[in-house]
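Given the coordinates of chain A, work out where chain B should sit on it, guided by the hints.
Taken in order, these protein sequences are the chains called A and B. This note's numbering numbers the first residue of the first sequence as 1 and each following residue consecutively. This note's numbering numbers the first residue of the second sequence as 752 and each following residue consecutively.
I should point out that these hints are in silico values taken from the structure, not numbers from a laboratory. We put the CB at the ideal spot given by N, CA and C, even for glycine. Hints are supplied without guarantee of correctness; some may be wrong.
Stated by the list, open to error - No more than 20 Å apart at the CA atoms, straight line, and that leaves these computed lysine to any residue pairs for SDA-like:
hint	chain 1	residue 1	chain 2	residue 2
1	A	Lys372	A	Val181
2	A	Lys109	A	Arg83
3	A	Lys109	A	Gln128
4	A	Lys615	B	Arg867
5	A	Lys615	B	Asp868
6	A	Lys669	B	Ala875
7	A	Lys615	A	Ala674
8	A	Lys669	B	Glu791
9	A	Lys551	A	Gln532
10	A	Lys580	A	Gln496
11	A	Lys105	A	Pro350
12	A	Lys551	A	Pro31
13	A	Lys669	B	His872
14	A	Lys40	B	Asn758
15	A	Lys669	A	Ser648
16	A	Lys669	A	Lys372
17	A	Lys235	A	Gly252
18	A	Lys9	A	Asp393
19	A	Lys40	B	Asp834
20	A	Lys105	A	Trp204
21	A	Lys88	A	Gln128
22	B	Lys831	B	Asn758
23	A	Lys669	B	His793
24	B	Lys831	A	Gln54
25	A	Lys580	A	Glu494
26	A	Lys615	B	Glu888
27	A	Lys615	B	Glu889
28	A	Lys669	B	Gly873
29	A	Lys669	B	Gly792
30	B	Lys831	B	Thr893
31	B	Lys831	A	Tyr48
32	A	Lys105	A	Glu230
What the hints assert, rightly or not - Distance ranges between label pairs, derived from CB positions:
hint	chain 1	residue 1	chain 2	residue 2	range
33	A	Arg730	B	Arg828	52 to 58 Å
34	B	Gly781	A	Glu614	43 to 49 Å
35	A	Met395	B	Asp829	52 to 58 Å
36	A	Glu103	B	Arg828	43 to 49 Å
37	A	Glu227	B	Asp829	43 to 49 Å
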Amino acid sequence: MARLIKSEKEVEGRYEEVWTLVDEDALEQWPAGPGEVVGKSAPRLDGYEKARGQARYTGDIRLPGLADAALLRSPYAKARVKRIDLTKATAAPGVVAVVGPDEVKGAGKEADFEGSAVAAVAAETLAQAEAAVQLIDVEWEELDPLLDAAEAVARESFVSDTRHYERGDYERGLGEAEAVVEAEYSTQTLNHNPLETHQCVCEWRGDSIDVYVSTQYIWGIRNDLAETLELPADKVRVICEFMGGGFGAKNGVGNYILFAAELARRSGRPVRCALSRREENVVGGNRNATRQRVTAAARADGTLTALGGEYTCALGWGGWLPPTSGPIQLLYACENVKTVEYGAKLNLPPMAAFRAPGFVEGTWSLECVLDKLAAQLGIDPLELRKLNYAHADAMDGRPFSSKNLMECYHRAEPHWERRHEVRGRSDEIWKRGMGMASQVWYGGGGPPSYAWVRLGSDGRANVVTAMQDIGTGTRTAMAMIAAEELGLPLDRIEVQIGDSARGPFASISGGSSTLPSMGPAVRSAAGDAARQVIELAAQRYEREERLLSLKGGRIVSSDGGSWPLEDITGLLDDGQILGKGARGPNPTGMRVLTFGIQLAEVAVDVGTGEVVVEKVIAIHDVGRVINPLGARSQIEGGIIQALGHTFSEVRLDDPHTGAVLTKTLDSYKVPTIADVPEIVCDLVDVPDTHLTNLGSKGLGEPPIVPTAAAIANAIRDATGADVTSLPITREEILRALREARERRPVAAGAA
Amino acid sequence: MPELRVNGHVHTFDAPVGRTLAEVLREELGLTGTKIACGEGHCGACTVQLDGVPVLSCITLVHMVGERDVTTIEGLRDHKLVDAFVRTDALQCGFCTPGQIVSAAALVEANPDPSRDEIRHGMAGNLCRCGTYPRIEEAISTWQG
Numbered sequence: 001m002a003r004l005i006k007s008e009k010e011v012e013g014r015y016e017e018v019w020t021l022v023d024e025d026a027l028e029q030w031p032a033g034p035g036e037v038v039g040k041s042a043p044r045l046d047g048y049e050k051a052r053g054q055a056r057y058t059g060d061i062r063l064p065g066l067a068d069a070a071l072l073r074s075p076y077a078k079a080r081v082k083r084i085d086l087t088k089a090t091a092a093p094g095v096v097a098v099v100g101p102d103e104v105k106g107a108g109k110e111a112d113f114e115g116s117a118v119a120a121v122a123a124e125t126l127a128q129a130e131a132a133v134q135l136i137d138v139e140w141e142e143l144d145p146l147l148d149a150a151e152a153v154a155r156e157s158f159v160s161d162t163r164h165y166e167r168g169d170y171e172r173g174l175g176e177a178e179a180v181v182e183a184e185y186s187t188q189t190l191n192h193n194p195l196e197t198h199q200c201v202c203e204w205r206g207d208s209i210d211v212y213v214s215t216q217y218i219w220g221i222r223n224d225l226a227e228t229l230e231l232p233a234d235k236v237r238v239i240c241e242f243m244g245g246g247f248g249a250k251n252g253v254g255n256y257i258l259f260a261a262e263l264a265r266r267s268g269r270p271v272r273c274a275l276s277r278r279e280e281n282v283v284g285g286n287r288n289a290t291r292q293r294v295t296a297a298a299r300a301d302g303t304l305t306a307l308g309g310e311y312t313c314a315l316g317w318g319g320w321l322p323p324t325s326g327p328i329q330l331l332y333a334c335e336n337v338k339t340v341e342y343g344a345k346l347n348l349p350p351m352a353a354f355r356a357p358g359f360v361e362g363t364w365s366l367e368c369v370l371d372k373l374a375a376q377l378g379i380d381p382l383e384l385r386k387l388n389y390a391h392a393d394a395m396d397g398r399p400f401s402s403k404n405l406m407e408c409y410h411r412a413e414p415h416w417e418r419r420h421e422v423r424g425r426s427d428e429i430w431k432r433g434m435g436m437a438s439q440v441w442y443g444g445g446g447p448p449s450y451a452w453v454r455l456g457s458d459g460r461a462n463v464v465t466a467m468q469d470i471g472t473g474t475r476t477a478m479a480m481i482a483a484e485e486l487g488l489p490l491d492r493i494e495v496q497i498g499d500s501a502r503g504p505f506a507s508i509s510g511g512s513s514t515l516p517s518m519g520p521a522v523r524s525a526a527g528d529a530a531r532q533v534i535e536l537a538a539q540r541y542e543r544e545e546r547l548l549s550l551k552g553g554r555i556v557s558s559d560g561g562s563w564p565l566e567d568i569t570g571l572l573d574d575g576q577i578l579g580k581g582a583r584g585p586n587p588t589g590m591r592v593l594t595f596g597i598q599l600a601e602v603a604v605d606v607g608t609g610e611v612v613v614e615k616v617i618a619i620h621d622v623g624r625v626i627n628p629l630g631a632r633s634q635i636e637g638g639i640i641q642a643l644g645h646t647f648s649e650v651r652l653d654d655p656h657t658g659a660v661l662t663k664t665l666d667s668y669k670v671p672t673i674a675d676v677p678e679i680v681c682d683l684v685d686v687p688d689t690h691l692t693n694l695g696s697k698g699l700g701e702p703p704i705v706p707t708a709a710a711i712a713n714a715i716r717d718a719t720g721a722d723v724t725s726l727p728i729t730r731e732e733i734l735r736a737l738r739e740a741r742e743r744r745p746v747a748a749g750a751a
Numbered sequence: 752m753p754e755l756r757v758n759g760h761v762h763t764f765d766a767p768v769g770r771t772l773a774e775v776l777r778e779e780l781g782l783t784g785t786k787i788a789c790g791e792g793h794c795g796a797c798t799v800q801l802d803g804v805p806v807l808s809c810i811t812l813v814h815m816v817g818e819r820d821v822t823t824i825e826g827l828r829d830h831k832l833v834d835a836f837v838r839t840d841a842l843q844c845g846f847c848t849p850g851q852i853v854s855a856a857a858l859v860e861a862n863p864d865p866s867r868d869e870i871r872h873g874m875a876g877n878l879c880r881c882g883t884y885p886r887i888e889e890a891i892s893t894w895q896g
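In isolation and in its complexed conformation, chain A is listed as follows (with noise of 0.2 Å):
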């Protein structure tokens, strides 16, 4: 039965108080271990149309009198549009539709970052629309830009409050230690890069309008979509039944939609807005830079008595305060944590979330900090984690619903054992050691969330849900849990996905999520429909319900009969059985987390500052795994995303101008398969007794969490050399083996 509870929804460290509908989750969960289907790896339904072409992306949707738009955007951090004049534009060649400025939501005259949209046009072809941007008439104020985020910061130009936290005593906890480490750390603005940039397809139906669009939120560009055009919600449908990449940059409706809207209204054809590689780099969303300033202090047997952070986030001009603060005030059981975060607000395009945004910054800072602090207590660096674990919510005293961090640590130790002997392998040029680094991340989803399972007279199942799959293989997981549940072999299942118009409300594919989310309202769905079969099979087979089961495609009775599924569903001609799910409330008073530790081992050239990462150690802590090849692809996924982070990605602007410079993927490097180590991946694989019908949590983001620190970790091992910046170029090693050579005399006339 549906009923409203009041409950907390978390997306990405975001908590809010909310209303929610939920519905009682009756089903218990499978024992631990691999089931039939679920536990056991399954290739992904998907992987043959995508691997063959066939896989229709927005981009490939081909509408008849199809029109492309190309979009004029400020070349400008900070501008004024003084003059506007669309007469050519919209006499060129093939031009079907022009839509000027003040004509879409949040597309005026100002421009406050470079890239903002003023105008857009609409042609025949996407090259008679660009060659009409260039026909558009503008004169340009420009204005001087505020790019620098201390200068915000100092001027009070904030995104949103600054947030304070404090617990306990910081000062006292300061007082009471016998060792304190202070230092400061830097991270660099990032680019989601996702290989297909984001685009659309607006088609307007009478009054209704069909939107194809990359995204990794269905539902929510259809409420927010609704609400700027004036429609009743179920006036726009989205589509997205296969999309390439998002991380985070694809969860809300972008105004490139608002203009294919208002340009297919216009012209009465369906509109396509591709963002090109180079938009994509500009305004497509980005990991904000942050400078922290980070104080860890302890007590000589390493208890820690105080953390502190002061960060700063340079936000550009949008987006949201990021929590760069979790890690540091949820990874250790300390008593006095204070922080502060700035959120300043630039001439410089808006940040958008990126895969775990807040904790990979604020991880990296605390974990590099952690170390340090470490080898000025000589406490071996897992020890120290050990000794300051948090049995329960260091905020709050809450327990968790389940922590197995420990276990992670247990497994840990025979890797770590091993860093005498990787040190062994360093000669005069290649200084070799290992480093490692803790996880902390949400990833519990929560209601609501709404499945159905159809089940047909031919004895197969077909999931029908408004989710969408951004690559995570969450299709395949929830074909493998309805599987599961219906005791069908996998074969037998179908689903469809990708179409608010064609299954309820799922949620957000961001914040470690859908399969938390929507995996218990799968099975929920499942068992429904089982139900059915079970209350038919009972009338038919003359057999009390309770001595019935589903397995292997057949009903089992207790007492010894068997028969095959479609003895019962055969019965139904074109009738059809229809189970419904939903996801249950998260627990009451439980703080659901994810977590884990990596290890990484490193070889460093000291004369020019080559780092060679040779092998990095994963393991984690996720509850129940679904499908452990697609859990094998998301570790090894975030970590190549956080070595691109660690060395080689870097959005570059012009201090002076605010003009990006790094537009390209030749010059935006992210890795290549050249690139990538040795990973070795671990999932502790214990279902959280408390979470829902599954006990499944998230793994999208906890891989990407802990990579740079233990990088950095691994260098100072091999070298001395701390490492505060990323990303780690040849330079900053440089710069930090010449600070540790600098240094070494002096501890060395201290002791």
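What follows is chain B alone, placed relative to chain A:
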């Protein structure tokens, strides 16, 4: 009208000078398996083969293709590499995957049993933002089943 031989079929096409092979494949011939991800030859998503040699179709002018045989992912649908990519989970979002397979097919055609270094050298021009590289390496190492 100029002709283009794609996956063994001859097509005529109508395109102004300056149009790229990728655009014609996708927009004129409807062969949308070939993806355009950067449009300037930096990422490899648009890879096709010309007489068996991998090229970047987004920076190849269609009028320069001439008599050469174009092979796109649509022409490699039954290649054993497709099975290998699916089996080893060498794809996530799948957007780069057709280009990866077209490149890999050229690699194994020339060298059926490539070493790890040869795979890394041969595949370094195909970016995958999801980070499926270890699986791609496994797929190519085990493509013969």
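Taking each numbered hint in turn, which are not upheld by the structure, reported in ascending numerical order?
3, 14, 16 and 33
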